[in-house]
Amino acid sequence: MPRHPNFEPKGVIRDCILPFPEDLKIDERACRQHLRHTADVHGVSAITVNAHATEVASCSFEEQRRVLDVTMDEIGDRTPVVNGVYAAGSAEAARMADAGRASALLVYTPYAADPQGGCLAVRRDERTACRVSTKTL
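Just so we're aligned, residue 3 is where the sequence shown starts under our numbering, counting upward by one.
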């Protein structure tokens, strides 16, 4: 069950950057600081992670999971979290968001999806993979 089950995707939903030092490993301390600072901005209704600004396409699945875990630990109790679903196995990424208790999913269309039905099959897989309510924005 999401931590914020009554969350409605409206208002200002900010995405967060993901700080990487020269060794290209996630700087968790800086990430936590950025999350707190962003969530503290007046008017922000939710925070998005594992999206483009978080360099999701460059992160492994385990790194995406760690970003969600750090985010939920740092701000998840006070701010709804929208988790990006960007993976070849989108259903697995949706299950990760569900297990991490994200309030919503930000789903990217697969690049290789067949527009005549492939996208719909992927969306069905994602919907059945988690308990997060499904809404089209």
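Simulated from the structure, these hints should not be mistaken for lab results.
Keep in mind it's a predicted model, so treat the numbers as computed, not measured.
Keep in mind that a hint or two might mislead.
As the list claims (entries may be wrong) - Derived DMTMM-like pairs: lysine to aspartate or glutamate, alpha-carbon spacing no greater than 25 Å straight-line:
#, residue 1, residue 2
1, 12, 42
2, 27, 94
3, 27, 71
4, 27, 65
**OP:** Check each numbered hint against the structure and report the violated ones by number, ascending.
**Re:** Structure breaks no hint.
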